[in-house]
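Enquirer: Residue numbers (the working numbering), protein chains in the order written: chain R, 1 to 442; chain P, 1 to 259.
Just so you know, the hints here were simulated from the structure itself, not pulled from any lab data.
Don't be surprised by glycine CBs; every beta carbon is placed ideally from N, CA and C.
Heads up, a few of these hints could be off.
Here's a subset of chain P near chain R, in silico, CB distances under 7 Å, partners left out [stated by the list, open to error]:
| id | residue |
| --- | --- |
| 1 | A142 |
| 2 | A145 |
| 3 | G146 |
| 4 | S150 |
| 5 | F154 |
| 6 | Y157 |
| 7 | L158 |
| 8 | M162 |
| 9 | V243 |
| 10 | I245 |
Covered stretches of chain P (in silico footprint by chain R; criterion: 3 or more residues with CB under 8 Å from a CB of chain R, positions within the stretch not fixed) [as the list claims (entries may be wrong)]:
| id | stretch |
| --- | --- |
| 11 | 2–11 |
| 12 | 133–140 |
What follows is the residue order along each chain.
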Amino acid sequence: MKSIRLFLLLSLLATITLVNFVALLHGYQSSMQKAQSLFDSRLESTARLIASANSEQAERQSIAQQQTPYSYFQIWDSGGKQLLTRSQNAPEAVTGELAEGFHEVNHASYRWRNYVYRDQHLNRWIVVAERIDIRYSLAEEVVLESLLPIVLAIPMAALIIWLAVGVGLKPLRQFADQVRHKRADDLSPIELDRVPAELTAVVGNTNALLGRLDEAFHREQRFASDAAHELRTPISVLKVHLHNLRQRLGNEDEDIALLRAGIERMGHLIEQILALYRTSPDQAAVKFEKVDMLKLAQSLIASEFVQFEQKQQQIELSGDNVEIEGNRFALETLLHNLLSNAHKYTPAGGQIHIRVRPLSGKVALTVEDSGPGIPEAQYERVFERFYRLQGDQHASGELGCGLGLTIVKHIADLHHATIKLGPSSMGQGLSVTVLFPQGEQS
Amino acid sequence: MLLNAVIIILREVLEAALIISVFLALSQLLNRNLWWMLVALVLGFGGAYVYAVNLGQVSMMAGGTGQEIVNACLHSLIFLCLLLFMISVPHQQHVSWRLLNLVTIILAVITAIVREGSEIILYINGFIGIPDLLSPVLMGGAVGAGIGLSVGVFFYYLLVNMRRSHGIWLGYLILLLIGGSMVAQAVEFMIQADYISATTPIWDSSHWISERSAVGQLLYALVGYEATPAPQQAAAYFISIGVLIAAAVISYTIRGRTP
């Protein structure tokens, strides 16, 4: 079923049409029969009238003042041998038989209905006839006048049904609209102007489900946030103890190096989980402001320049001062994660380019590096949570937890931005372009 | 006059409405797009107008039997489309068979509209200029078309709202009966044109169900009911249904054996 409204319109209209039209045909037949019997009564009365008005027994000429060519009369003697008088258009011979009652006869290329009346007083026959096609047309004309409104009412009924069904289905349409336009992170209950009985259970259960889902999400977020927050302190303590251990045993110990890498990985993971929580829509959406992306990139590169210098990487920033509406903290995190990835996977002495520019009515932030890049087939998957290219066996051997690009995607979605991955223009490496809706250019 | 108009228009509309509604329902049950309907309707009505306008010339062909021959060909074409439809349905996984299936549906609908639509245009056209008769004819036409289209709507929703497999099988069954009816009508036209000699009807059921009654019209559109069929018509009817069944069974069997 494509549409409930269309189904109701067509099925109701078909029912009304079928029932009305069959009734109309029945009414038409009954009315036509009734009209014919009225015409017959009139014919009979006319015959009696002629009999009483005309008492001449002698033969006369035909009566020339014929009122209508659609009817005629004849007066015959008792034996039916001599035509005493007739209307001008009447036949001179007996048509049919002279037996009292109604008969159908042919005359002048037409079919006629006649009434033969036996005048007992003057002992003669009165024949009165009318053309059948004219009787039928007159009757049909009258009957059709009464049936026409039924036929014309069908388009009107269609319009009324269409509107009535539309009003009846309004709550369902409102429900569907609200569900369709709900953002993925909006778990607020669905509210309708009025909830019809048929939708009460659907709306009630959907809202209860949304409520449970919202609670579960909050619980999950709180758990991740609390767990990450609580783990920061013991990790800091672990780092202090590790530092002390290194002082005592020396830097060369392989176990110490592995322990240090493990603790750093755990610390990084906790920081990323916290970032994921902080950039969730319910945390960030309320703090939107105008952010100059070029200035933001400048300050971030300045604060993290040391680590690029340590790997002798050449970092270059170019572009225009373009503002977007966004959450400063989230955008910092996005840029930080992109720069961090570029830094990690670009070999020592490599190049990293950051560009901020208006592009087709949007603002494009592009980070390119000369690292190993990502195979095109993996472009979609790198945004999945905890997904790392080649798993934990990444060739770079860099620290990572697979949340960096997930957070980038999360923040991009928050700003209604799109992310495009592609090969770097430097021959090898990755190019990440985030297209933001444009704010005002400064 | 109104009753005559109702019967004539109902007969034509009902037949076309049944073919269209069954194909629409089957297309939906077989998960096909329905865009073809718009194309078929436009081409069908255009074709009906062209055929009606040129019917005078067509009638003069073949020694005055042109109209009967063309009508017999149109009915045979619809049967051929139904036959190819039955054969192509089991092989929907192949693009070429799907295309053939779609073409047969479009062609059957166009042909049905051309055939029935041209009759309606001709009939109503005959009363233009006779105001006394035109109004009952138009009203009768509206009533006949309304009843025919309503029955088509009911058949469509009956098929699409049944359990899917039941709907498909009932749709096939109706197509089989329509196929038989098409061939029987083609034979009737050939008898009228004296290409097949007329013989005594094998039965006369007009006392039970008159062809002019509403039930008679519905049965005519649905199963090709004739109160007084010639032996050749009856034979063509049953043989064509047998051919359609055999074609469908063989096609399903071949698909079953194909790995």
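Enquirer: Is the shortest C-beta separation between V243/P and chain R less than 7 Å?
Expert: violated (33 Å)
Enquirer: Are 3 or more residues of the stretch 133–140 of chain P near chain R, judged by a Cβ distance of less than 8 Å?
Expert: holds (count 3)
Enquirer: Please verify that hint: F154/P, Cβ, nearest Cβ of chain R, below 7 Å or not.
Expert: holds (6 Å)
Enquirer: Do the numbers back the hint for I245/P, that is, is its least Cβ distance to chain R under 7 Å?
Expert: violated (30 Å)
Enquirer: For the stretch 2–11 of chain P, do three or more residues have a beta carbon lying closer than 8 Å to a beta carbon of chain R?
Expert: As far as the stretch 2–11 of chain P goes, the hint holds, because 3 residues have Cβ atoms under 8 Å from chain R.
Enquirer: Let me know if the C-beta of G146/P comes in closer than 7 Å to any C-beta of chain R, holds or violated.
Expert: holds (4 Å)
Enquirer: So, L158/P near chain R? Judge it on the closest CB pair being under 7 Å.
Expert: This hint is violated: L158/P lies away from chain R, its Cβ roughly 10 Å from the closest one there, beyond 7 Å.
Enquirer: At a threshold of 7 Å, is the proposed contact between S150/P and chain R supported by beta-carbon distances?
Expert: holds (4 Å)
Enquirer: Under 7 Å, Cβ to Cβ, is where A142/P needs to be relative to chain R, so tell me if that hint holds or is violated.
Expert: holds (5 Å)
Enquirer: Using 7 Å as the Cβ threshold, decide whether Y157/P counts as touching chain R.
Expert: holds (6 Å)
Enquirer: Return the status of the interface hint for A145/P: holds when the least beta-carbon distance to chain R is below 7 Å, violated otherwise.
Expert: violated (10 Å)
Enquirer: Does the closest beta carbon of chain R sit nearer than 7 Å to the beta carbon of M162/P?
Expert: violated (12 Å)
Checked against the numbered hints above, the structure violates hints 2, 7, 8, 9, 10; every other hint is satisfied.
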